[in-house]
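The listed protein sequences derive, respectively, from chains A and B. Residue numbering for the first sequence follows our numbering, starting at 1 and increasing by one per position. Residue numbering for the second sequence follows our numbering, starting at 1001 and increasing by one per position.
No wet-lab data here; the hints were simulated from the structure. Incorrect hints may appear among the rest.
[Claimed, not checked] No more than 27 Å apart at the CA atoms, straight line, and that leaves these computed lysine-lysine pairs for DSSO-like:
1. B:K1063 with A:K294
2. A:K269 with B:K1294
3. B:K1065 with A:K266
4. B:K1197 with A:K63
5. A:K131 with A:K197
6. B:K1065 with A:K131
7. B:K1076 with A:K124
8. A:K76 with B:K1063
9. B:K1076 with A:K76
10. A:K40 with B:K1269
11. B:K1107 with A:K65
12. B:K1197 with A:K266
13. A:K294 with B:K1266
14. B:K1107 with A:K76
15. B:K1076 with A:K197
16. A:K242 with A:K124
[Claimed, not checked] Among chain B residues calculated to face chain A with C-beta under 10 Å, some are:
17. I1061
18. K1076
19. L1167
20. K1179
21. K1287
[Claimed, not checked] Pairwise CB distance ranges (calculated):
22. A:A303 with B:D1007: 21 to 27 Å
23. B:N1200 with A:P289: 30 to 36 Å
24. A:L317 with B:A1335: 48 to 54 Å
25. B:A1027 with A:L317: 51 to 57 Å
26. A:R12 with B:K1065: 29 to 35 Å
27. B:E1083 with A:R276: 39 to 45 Å
28. A:P289 with B:E1350: 58 to 64 Å
29. B:T1105 with A:N80: 26 to 32 Å
Cβ atoms here follow ideal geometry from the backbone N, Cα and C, with glycine treated the same way.
Number of protein chains: 2
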Amino acid sequence: MDNQTDDLITLRADFQAIDQQMLEMIATRRTLSERIAGWKAKQGFSIRDFPAEQNRLGFLIEKGKELGLDAFSVSKFYQNFIEDSVMTQNATLHTLENNGSIPETPKVAFLGGEGSYSQLAAKKHFSFANKPISEMGKNSFKASLQAVEDEEADYAVLPFINSTTGLIGDACDALLESKVSAIGEIFLPIEHCLLGKNWNYPTGNIKAIYAHPQVFAQCRPFLETLGNATLIPCDSTTDALKRVCEGPANQAAIGSTVAGNIFGLKVLKSNIHGERQNLTRFLVLSKVPHRVPKQVSAKTTLALVPKTTPGALSEILLEFSDREITANLLEARPAGNGLWDRVYLIDIEERL
Amino acid sequence: MDNQTDDLITLRADFQAIDQQMLEMIATRRTLSERIAGWKAKQGFSIRDFPAEQNRLGFLIEKGKELGLDAFSVSKFYQNFIEDSVMTQNATLHTLENNGSIPETPKVAFLGGEGSYSQLAAKKHFSFANKPISEMGKNSFKASLQAVEDEEADYAVLPFINSTTGLIGDACDALLESKVSAIGEIFLPIEHCLLGKNWNYPTGNIKAIYAHPQVFAQCRPFLETLGNATLIPCDSTTDALKRVCEGPANQAAIGSTVAGNIFGLKVLKSNIHGERQNLTRFLVLSKVPHRVPKQVSAKTTLALVPKTTPGALSEILLEFSDREITANLLEARPAGNGLWDRVYLIDIEERL
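Could you put together the complete structure from these sequences and hints?
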């Protein structure tokens, strides 16, 4: 190995050391966010303090200038820090408000296992609350909810709606049949990658692609360009990843870079869901409802079956508008009684 | 001031200290990226090394776990670091390749002044190249380009196309009339905010809104909800911000949070361009073309006026497809001769 390569290795070690230090600071920042949330709970202060945030950004932009960093990059990094802090404060206040009723190591049920999007969402939610979780991977949405009803799990994390493909029908139907309460939500950007065994394997030579049917739906335009590959639906992303690990190199799974990393699979192509932002809203579900702290804005999702009389749905919506309540997300699911009966899902920006 | 408030102040000072340290590390990281680009230039290595990146991410996810950070948050922060590093390496290689021909303090012309989006784009581009710039704010796109042609400025930075509203017609027309070369591009996420003099000023009471006409177009759905406000078109965002600073509290400008910060204006409402990602592609223009380093992928934008014979445009496109050249972005602008004559703009993924 010559000197020049040695130096590349040294430089890379320097990067790694800096990145590790940054992570430590992000973790310290979270501890500070928890402490500040504690103060805010006592004083009744709200979580966001926009004037203070803008002041700090101004200070950092000045400091950045001295370091040769442009205002735009400084703002972008700062925005990430703020977002992290707000999520942590929300979670801390929530934990304080429900003191005692949240276990130290909550048991959380979700679809799939290592590398599934539901696992990522569950980890994200409880990481902000600074709670290690005991993971219970299940092979269906129904089984995840059943675990909560049977008190085998404390919580279930379920995908509810995706920005590209809309309501996740089977998760929603399982939810409507169960008797659990939504106590939190997580927005997870879903960045699908094609994952295979070897770097630089030509995507045109892929013979089989494994994924959850929802994932296929979110990547349809890309998949249509791969005419030769057979799509093989799996129970979960974890299932898809495992099958590719065990198979020949001409097979691929769809998952996140994090998932690829866990299974040692390589990213053959990233962002295969296209240029649009692809976000999934997950719900955190519990057998008993939680109290929402007053500093945290709450929303309620209603499931309504209107009478089958003319104007029944518009009457319901008028009731909200008369009370100046913002109603979002009107989605319909088959109600299960008559052939075309519908249950309507409506989000309102209120705590009930 | 009681003890509890004192503690809030201490906590906030701790945040500020951490954030400042993080900025210092981001600046150090950029210096490392420049050094690694130097090595890659000598060895002919490419900028992205996906296996190495994925290895480092795996290492950081493990470290994050020890610190109580979820894999998702670690990946998100790491993605930002990588993006910053790639931009810095691109710029460093570009500077090395054109050694001597890029001035130490380039004079850069752009529309507007402090707080304009073009200023942000210019700063972003040259910040990655580690070059302080001498800024030359102009009051039109034409004047920015004229400055380059007259050698008053070394470069001009011009918005070219926006993801929401498409081609920026007057910038494009000015470009087609000039004799400059595009030597770089910047993608800037444009996050429009309504900026006013007082925090919590109700947006419904705003009487006048100042912005560049392009900005009004990008925020149309939001502006339609403010029936009472008169829209006042300005030469540039800088112009709009100045007028609001000098006027009464019932007026507002549209700009970025960074711009609000520079002018001491408050964010009355953020993300008024809606939920869609709003990205503008800016071009960096020079009188003489630059050489593109072989590790940096290049593209070429062609402006073609096809003969007015049947099939002329499709013949041109077939030439690209016969040579397996990817042609993107087909946009048309009035050609200025006949009433309906058109000049077609085509991006190809090739260096010419």
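### Task
Would you list, in rising numerical order, the hints stated earlier that this structure does not obey?
Going through the list in order, the structure violates hints 1, 5, 12, 19, 20, 21, 22, 26 and 27 and respects the others.
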